Amino acid sequence: MTPKKIPSEIPAVDSKANSVLREIMSGDPVRIGLSILLGFFIGAVFMVVFNEDVVKSWSNFGADPSYALSTVWWTIQDGYGALFSGSVFNLGADNFIDGIRPLTETLRFAAPLIMAGLGVALTFRVGLFNIGATGQIMVGLAGATFVSTRLHMPAIIHMLVAVLAAVLCAMVWGIIVGILKARTGAHEVIVTIMMNYVATSLFTFFLRNPGMLLEASGGGTPKSDHPDGTAKLGALLGPDFNLHYGLILAVLAVFIYWWLMERSTFGYRFRMVGHNATAARAAGIKVENTFIWALAISAAFAGLAAANQGLSLDGGLTTSIEAGIGFDAITVALLGGSRAGGVVMAGLLFGAFKAGSSSMQFAGVSPEVLGVVKALIVLFIAAPPIIRALYRLPVPGPKIYEAAKKAKEAKVIK
Amino acid sequence: MNNVSRKALASVALAAASLLVLSGCASPKPGAGYIECGVSDEGSWTDKSFNESVMDGLKKAKDEFGVDLKSAESNSSEDFAPNLDSMVAGKCDVIIAVGFNLVDAVNTAAEANPTFNFVTIDGWSNGATNLKPVNYKMSQSSYLAGYAAASYSTTKVVGVYGGMQISAVTEFMDGFYYGAKAYEKETGTPVTVVGWNPTTMTGDFIGGFTPNDPAGKTIAAGQIAQGADVLLPVGGDQFGALSEAISEAGVNAKMIGVDKNWTVANPEYKDLMLTSIEKRMTQAVYDIVKAGAVDKTAFTGEAYIGTLANNGTDISDTTFLDDALKAKLAEIKAGIIDGSIDPLS
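Taken in order, these protein sequences are the chains called A and B. Heads up, the first sequence stops at 1524 in the numbering used here, and the numbers go up one at a time, no gaps. Heads up, the second sequence stops at 401 in the numbering used here, and the numbers go up one at a time, no gaps.
Be careful, since some hints might not be right.
[Claimed, not checked] Okay, the calculated beta carbon distance ranges per label pair:
hint, chain 1, residue 1, chain 2, residue 2, range
1, B, GLY306, A, VAL1482, 23 to 33 angstroms
2, B, THR171, A, GLY1172, 26 to 36 angstroms
3, B, THR258, A, ASP1163, 45 to 55 angstroms
4, B, LYS382, A, MET1304, 35 to 45 angstroms
5, B, LYS147, A, ALA1173, 28 to 38 angstroms
6, B, ASP378, A, ASP1163, 48 to 58 angstroms
7, B, ASN182, A, VAL1308, 32 to 42 angstroms
8, B, ALA305, A, VAL1482, 50 to 60 angstroms
9, B, MET257, A, MET1304, 30 to 40 angstroms
10, A, ASN1170, B, ASP119, 16 to 26 angstroms
11, B, THR171, A, GLY1344, 27 to 37 angstroms
12, B, ALA277, A, ARG1293, 37 to 47 angstroms
13, A, ASN1170, B, THR210, 49 to 59 angstroms
[As the list claims (entries may be wrong)] Examples of chain B residues lying across from chain A (beta carbon under 7 angstroms, computed):
hint, residue
14, GLU98
15, ALA128
16, PRO138
17, ASN139
18, SER142
19, GLY146
20, ASP160
21, ILE222
[Said to hold, decoys possible] To spell it out: a stretch of chain A is covered by chain B in this simulated footprint if at least three of its residues, at any positions, have a beta carbon under 8 angstroms from a beta carbon of chain B; those stretches are:
hint, region
22, 1377-1391
23, 1470-1479
For the record, the hints were derived by calculation from the structure and aren't laboratory data. Note that this is a predicted model, so its numbers are computed, not measured. C-beta atoms are modelled at their ideal positions from N, C-alpha and C, and glycine is treated no differently.
Construct all of the structure, not just a fragment, from the sequences and the given hints.
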């Protein structure tokens, strides 16, 4: 039997798409900042246009224009004010602990987004568009839940084993994609999306099965038992706050990512393949193996996010505990320009959105507004030409060339 | 956050508004100052199902009593606790948590905030006296619907399917099954119920509560192919998909609504709605808010259980139910209320 022929060249993406993708993923901080600003601005427009008080006051604009205009201002101030007091500091609180709680909630929500975001960011740097964080988190949750509800161990050890189980299960899910990509050339976008469905259904199947994860004393609802106290990520700042050791996992993940991508030879190989797979191959790098490694390590980060979700809440788990983190992770990675520091900032922003959502709703802003803001930010980042045109930014690539051309023209005129 | 100047401006504006004799500036309503709050189960307040029924009750109370309405939607289970916390931070007078998915979160919140009043719809209290469970005996009204379906059916085959195999869903299916079988016992005409067997606990389930799930349409088409001409989908808003399945099969079949009176709430389906099995959460919520905001009665953790007897649940009247059937249904209803008929056998 002849050895199976490995496709000689699997381009990550074709060259034109590659340059667009690279521009989107490159994460120019100015453009990202402006995208966020524009997202918030259009979000404000939505808040105003769909606010009953504003609509009423404007229908009576002729009688009292200053009132109509002030309702607009109040609506925006109330909405984003609620976002601030729900995610940073509650100015209306009676004491400091209540006041600072929103900030700790932002950190709590940001931790899993940062971890999963680092995973997606890693594959971006290798030139892979990985949509699979959702599935990897689901499988990781299944692993963590099995350890935390079915196995019984001493404290701390139990927690570490559960985290490890989440990471390993997620890695298996990532490696499958990597092998399919490396051996058959299957496109990772398609494969990861499909694997998401498989993972979600698989986790539901486990949750429905009494011999596996279904709660012992429930009414047959697909839901797990409460995790053992020994397996849980404990409170980080005492009982007054919900913040737990998941934040420490996130901080560790950020350092590991930074060292891996910026300091290790391993990360150097990743980046080389990401810049130009053909050149990397010519330089003797095993591109296929790099893909497998990248997807495996990326999934490990998603597994940490899964551990954070599965080992932090009191109640039993359902699939909804994934909470859209897998998809938000893609946005976080894009927003963070796939750098460790950027992903942290983006994760904090999205964590703040999640933490502030309920106070915004309390202030009467519909929760979809934040969804619109998030979506617009992605849209603007993914559409650099729009943002460049709106803010009259220069085109990044040919700038030097144009400057040279101008200089030449200037000479000619002389 | 300049509250003082804002309030000053507001009062100026209010004065200007009342000078212009605008509507909405009448004498203060009885519930002014009371804050009613709702936290939804996963899904939106406009789900055409239980979240919406509760929101309708809150809105009705707001309009009639002038109470303040605050609400938060939950997108996933990790939103439950923060949403409840926001309601506590907002000093709500009553906090209504919709759906049994919130039961852990609302029990935790009730224990942590003993001075606040909580209500759990479809949930239970683990002992907190400031948590009032609202539950329903849905098997009672489903039994009536099952009987009506069997009576109306020309093929004498009726179909039922659920969102997921959980007790909140199968309670409807059990009642429906036994109601249809009661018709068989009484008249001697054999009636077939497809989609659920309460003895073996097996049946047709969509696998989720996504509105108009295509999987539900496939199930419905299969049941229609087996001859079913009255179908009951117990899984939120599945009626768009079901009505498509009926029209594509080209049969003269009817549907049975769930939770709300679909004939009134969604008139586009009224020609297809034999009846609806109403879970009157709107009324329960309204009554609870009224007790607190207007009657000023002390809040208790005593459970509210909606039954046929207290009008908490019933089936809707429609033009498809003729007088003879209505009389028969009234007789069965009386039997269930006095205990001579067990809707689960």
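Hint check results:
Checking the proposed 23 to 33 angstroms range against B/GLY306 and A/VAL1482 shows it is violated: the Cβ atoms sit about 42 angstroms from each other. Checking the proposed 26 to 36 angstroms range against B/THR171 and A/GLY1172 shows it is violated: the Cβ atoms sit about 48 angstroms from each other. Checked against the hint of 45 to 55 angstroms, the pair B/THR258 and A/ASP1163 passes, with Cβ atoms roughly 53 angstroms apart. The given range of 35 to 45 angstroms is broken by B/LYS382 and A/MET1304, whose C-beta atoms sit roughly 52 angstroms from each other.
One distance hint, 28 to 38 angstroms for the beta-carbon pair B/LYS147 and A/ALA1173, holds here, with the actual separation near 34 angstroms. A hinted range of 48 to 58 angstroms for the beta carbons of B/ASP378 and A/ASP1163 is consistent with their spacing of about 50 angstroms. Checking the proposed 32 to 42 angstroms range against B/ASN182 and A/VAL1308 shows it holds: the Cβ atoms sit about 36 angstroms from each other. Between B/ALA305 and A/VAL1482 the C-beta distance comes to about 40 angstroms, which lies outside the given range of 50 to 60 angstroms.
The hinted window of 30 to 40 angstroms between B/MET257 and A/MET1304 holds, with their beta carbons roughly 32 angstroms apart. Distance hint check for A/ASN1170 and B/ASP119: the Cβ-Cβ separation is about 21 angstroms, which falls inside the suggested range of 16 to 26 angstroms. The hinted window of 27 to 37 angstroms between B/THR171 and A/GLY1344 holds, with their beta carbons roughly 28 angstroms apart. The hinted window of 37 to 47 angstroms between B/ALA277 and A/ARG1293 holds, with their beta carbons roughly 40 angstroms apart.
For the pair A/ASN1170 and B/THR210, the beta carbons lie near 58 angstroms from each other, so the given range of 49 to 59 angstroms is met. Interface hint at B/GLU98: satisfied, since its Cβ lies 6 angstroms from the closest Cβ of chain A, which is below the 7 angstroms cut-off. The closest approach between the C-beta of B/ALA128 and any C-beta of chain A is roughly 4 angstroms, which is under the 7 angstroms cut-off, so the hint is satisfied. Checking B/PRO138 against chain A by beta carbon gives a least distance of about 5 angstroms; that is within 7 angstroms, so the hint holds.
Given the 7 angstroms rule on beta carbons, the hint for B/ASN139 holds: about 5 angstroms separates it from the nearest Cβ of chain A. With a cut of 7 angstroms, the hint placing B/SER142 at the interface with chain A holds, because the nearest CB-to-CB distance is about 4 angstroms. Checking B/GLY146 against chain A: minimum C-beta separation of about 5 angstroms stays under 7 angstroms; hint holds. This hint holds: B/ASP160 has a C-beta 3 angstroms from the nearest C-beta of chain A, less than the 7 angstroms allowed.
Hint on B/ILE222 holds. Least Cβ distance to chain A is approximately 4 angstroms, under the 7 angstroms limit. Counting residues of the region 1377-1391 of chain A whose beta carbon lies closer than 8 angstroms to any beta carbon of chain B gives 0, which falls short of the minimum of three for the stated coverage. Counting residues of the region 1470-1479 of chain A whose C-beta sits closer than 8 angstroms to any C-beta of chain B gives 4, which meets the bar of three, so the coverage hint holds.
Hint check: violations occur at hints 1, 2, 4, 8, 22; the rest are consistent with the structure.
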